[in-house]
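Here are the chains, one letter per residue:
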Amino acid sequence: MGALFWSMDPDLGSGGFEEFSAFFFGTQVGKIGFLRCGLLLLLVGYRAFRIYRRPQQMSRSSSLPLIESGIVLIQLVLLSWLSHAAAVVGPSSGLQLGNDILHLTGVALWPGALVPLWLFLKQSVPASVKRDALLRFSNVALFVAPVVGATGLLSGYFRVHSVAPLITTPYGRYVLFKAACFFVLIGLGAANRFRVIPGLIASSEEVRSPAERWGKLQRNILIEQLIFVLVLAAVARLVQLPPPEG
Amino acid sequence: MNWLDWILTGARFVSLTGSILLASIFGFRLLIGGSHTGAAGSELFAERLTWVLGLAA
Chain A
1 MGALFWSMDP DLGSGGFEEF SAFFFGTQVG KIGFLRCGLL LLLVGYRAFR
51 IYRRPQQMSR SSSLPLIESG IVLIQLVLLS WLSHAAAVVG PSSGLQLGND
101 ILHLTGVALW PGALVPLWLF LKQSVPASVK RDALLRFSNV ALFVAPVVGA
151 TGLLSGYFRV HSVAPLITTP YGRYVLFKAA CFFVLIGLGA ANRFRVIPGL
201 IASSEEVRSP AERWGKLQRN ILIEQLIFVL VLAAVARLVQ LPPPEG
Chain B
1 MNWLDWILTG ARFVSLTGSI LLASIFGFRL LIGGSHTGAA GSELFAERLT
51 WVLGLAA
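Which chain is which? The protein sequence lines are A and B, in order. Just so we're aligned: the first sequence equals residues 1 to 246 in my numbering. Just so we're aligned: the second sequence equals residues 1 to 57 in my numbering.
These are calculated hints, taken from the structure and not from any lab test. All residues carry an ideal CB built from backbone N, CA and C; glycine is no exception. Any given hint could turn out to be false.
To be verified - Which residues of chain A face chain B? A partial, calculated answer using Cβ under 10 Å:
1. L41
2. L102
3. P116
4. F177
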C-alpha cells in the first residue's frame, strides 16, 4: 500500500489530509488499493484471532476455508487492477485486463504452488500421501503451464508491440529475462514430469533407491523456486518501468 | 536507479510475493483437501504462515 501511494508521487500528501483522501477515495488505483488492503487486513485479523483463541473454542465451519480462499483470490485479482493492463484505454482494455488476471491466477497455481508443494514434501508423511499430492499438482501444472506461457506472450505483445524494444529498452530486457526463466521452468517441470515422477509413482518394489529420487525431485523444485523468485523480482521492477512507446 | 526506486521495487516484490504465495497456499490446500492428504497438509497451513504472507501482501 505504501509502495502504491508513494509511487504515484513522493510529494503526495504534503498538501494535507485532503490529498490522502483524494488519492484513496477519488482515484481508481487508490480505491482498489484500499479495498485490497481491507480484504487482507480482514484475513490477517481473522487469522490472528484464531491464533489467540484456542482451537477447541473455535466453532468448526466447513464454509470458512472457502470464504478465506475467496478473499485470497479476490485480492490476487485486484492486483491486476493495479498493473499496466488496467491503465489501458480502448477496445482491448477488457481483453488485456482479463489476460493479466488469467496470467496472475495461473502463476499462483503453477510456479507459485511449487512453494507449498516443496514444504509439503518435506513433511514426515507417508510416501503414498506425498505421491498422491505430487500427482495432483503435476496434473494441474500440465494444463496451467501452457496458459501461463500463452497469457505471458500476449501480455508481452500488448506492452512491447514489436521485437526491437525487447533489446533496446530496459522494460523489454526484463520481459526477455522473464521469458527465459519461463523456458527454464518448463524444462525442469518436464524433467520432473517425464523422468522423476514416473519412477516415484511405480510401486516401491520396482523403484530403485526411492530416497535418491525424492531427493532429486526436491532439489529440482528448490531450483525452480529460486528461478521463480528471480521472476518475481523482475516483475516488481517491470511495474516501476514505463512500457515502450508504440 | 536511486534509493527511492530500490525501496519501491523492494516493496513491490514483497507485496507481489506475499499476494501470489497466499493464493498458491490456499490453492494447494484446495488441491489436496479432497482426500486423506488434507489432514497431512494441515500443518503446512499454519496460522502464522498465512498471517505473515497476508501482512507482506
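Okay, the hints, checked on the actual structure:
no., hint, result
1, L41, "holds, 8 Å"
2, L102, "violated, 13 Å"
3, P116, "holds, 4 Å"
4, F177, "violated, 14 Å"
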